Amino acid sequence: QVQLVQSGAEVKKPGASVKVSCKASGYTFIGYYMHWVRQAPGQGLEWMGRINPNSGGTDYAQKFQGRVTMTRDTSITTAYMELSSLRSDDTAVYYCARDHPDAEGTDYWGQGTLVTVSS
Amino acid sequence: DIVMTQSTLSSPVTLGQPASISCRSSQSLVDSDGNTHLSWLQQRPGQPPRLLIYKISNRFSGVPDRFSGSGAGTDFTLKISRVEAEDVGVYYCMQGTQFPPVSFGQGTKLEIK
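Just so you know, the protein sequences line up as chains D and U, in that order. First residue of the first sequence: 183, per my numbering; consecutive thereafter. First residue of the second sequence: 2, per my numbering; consecutive thereafter.
Incorrect hints may appear among the rest.
Said to hold, decoys possible - DMTMM-like mimics (lysine to aspartate or glutamate), calculated; alpha carbons at most 20 Å apart, straight line:
(1) D/Lys245 with U/Asp2
(2) U/Lys56 with D/Asp289
(3) D/Lys245 with D/Asp272
(4) D/Lys195 with D/Glu264
(5) U/Lys110 with D/Glu228
(6) D/Lys201 with D/Asp284
(7) U/Lys56 with D/Asp284
(8) U/Lys56 with D/Glu264
(9) D/Lys245 with D/Glu264
(10) D/Lys195 with D/Asp271
(11) D/Lys201 with D/Asp272
Claimed, not checked - In silico negatives: residues of chain U with every beta carbon more than 12 Å from chain D:
(12) Gly17
(13) Ser21
(14) Ser23
(15) Arg51
(16) Lys56
(17) Thr75
(18) Ser82
(19) Ala86
(20) Leu111
(21) Glu112
(22) Lys114
Hints in this document: simulated from the structure, not taken from any laboratory. Just so it is clear, the structure is predicted and the values come from calculations on it, not from any experiment. For glycine and all other residues, C-beta sits at the position ideal for the given N, C-alpha and C.
For reference, chain D alone in the conformation it holds in the complex (with noise of 0.2 Å):
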């Protein structure tokens, strides 16, 4: 069955950055696309980009352009997604979801990861 084990919470500084890992597993990691979506407290579900595993091609959402980078390990079936500079806005639960193979879209969800961006 598809999984997507997402690493723990994370505590930053402002202007840190944080790098948050999704271990996919019960399906081919370079077959499909991951994306990273985030959640503010109480707030809906924002998109920050997406990851080619078989490339490293990503696509990224103009927001977060030059702050965000996404990259994974094949070896380990792994994605990453580092935030850089980071604000207190950017409290968030962070999100990995796969790709659907059907739509233009997501299917399975990772469990999330909450990052909290405090001095």
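Please arrange chain U on chain D, whose structure you already have, making use of the hints.
Here is chain U on its own, set in the frame of chain D:
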């Protein structure tokens, strides 16, 4: 970018009664192949989102048949035929046709009476 706008449910829904949530996009979601990439997600309290419906009306694996999707172009609807207690949560529509970016509606909260 496409803006997705969802309706709100005016009051809690009675167990066993139907519920309907609307979603409207600022532009047509039909792509050049004639496909419409509109999905519905459910987020139960404290849980990650879960895919319910993709391409307007296709139920994802394991989704009960009381959930159904309909619509075309810019107007879409998620219907729950008989609401159950486990359906409490927030429902989001999501478009992937005009990409990037993927965009989400603001969410619609379903409460049970």
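Now the hints, each set against the structure:
1. For the suggested pair D/Lys245 and U/Asp2, the alpha carbons sit about 12 Å apart, so the restraint of at most 20 Å is met.
2. For a cut-off of 20 Å, the pair hint linking U/Lys56 to D/Asp289 stands: about 12 Å separates their Cα positions.
3. A hinted pair counts as satisfied when its Cα atoms are at most 20 Å apart, and D/Lys245 with D/Asp272 qualifies at roughly 12 Å.
4. Only pairs whose Cα atoms come within 20 Å are accepted, and D/Lys195 paired with D/Glu264 is accepted, the gap being roughly 15 Å.
5. For the hint linking U/Lys110 to D/Glu228, the alpha-carbon distance of about 17 Å falls within 20 Å, and the restraint holds.
6. For the suggested pair D/Lys201 and D/Asp284, the alpha carbons sit about 30 Å apart, so the restraint of at most 20 Å is broken.
7. Between the alpha carbons of U/Lys56 and D/Asp284 the distance comes to roughly 9 Å, so the proposed pair stays at or under 20 Å and holds.
8. Restraint check: the Cα-Cα separation between U/Lys56 and D/Glu264 comes to about 31 Å, which exceeds 20 Å; the hinted pair is violated.
9. As the CA atoms of D/Lys245 and D/Glu264 are separated by approximately 14 Å, the hinted pair is consistent with the 20 Å bound.
10. Restraint check for D/Lys195 and D/Asp271: the C-alpha separation of about 12 Å stays at or below 20 Å, so the hint holds.
11. Between D/Lys201 and D/Asp272, the direct Cα distance comes to roughly 13 Å. Compliance with the 20 Å bound is thereby established for this hinted pair.
12. Distance check for U/Gly17 against chain D: the nearest CB is about 29 Å away, which clears 12 Å, and the non-interface claim stands.
13. The beta carbon of U/Ser21 sits about 20 Å from the closest Cβ of chain D, which is more than 12 Å, so the claim that it is off the interface holds.
14. Distance check on U/Ser23: its Cβ is at least 16 Å (rounded) from any Cβ of chain D, clearing the 12 Å threshold; non-interface status holds.
15. Under the 12 Å C-beta cut-off, the non-interface status given to U/Arg51 relative to chain D is violated; the minimum distance is some 7 Å.
16. A beta-carbon of chain D comes within 12 Å of the beta-carbon of U/Lys56; the shortest separation is about 5 Å.
17. Consistency note on U/Thr75: stated as away from chain D, and its beta-carbon is indeed over 12 Å from all of that chain's, at 16 Å minimum.
18. U/Ser82, annotated as away from the interface, keeps every beta carbon of chain D farther than 12 Å; the closest lies near 23 Å.
19. No beta-carbon of chain D comes within 12 Å of the beta-carbon of U/Ala86; the shortest separation is about 22 Å.
20. The non-interface label for U/Leu111 is consistent with chain D: the shortest C-beta to C-beta separation is roughly 15 Å, beyond 12 Å.
21. No beta-carbon of chain D comes within 12 Å of the beta-carbon of U/Glu112; the shortest separation is about 16 Å.
22. Consistency note on U/Lys114: stated as away from chain D, and its beta-carbon is indeed over 12 Å from all of that chain's, at 23 Å minimum.
Violated hints, listed in ascending order, are 6, 8, 15, 16; each of the other numbered hints is respected by the structure.
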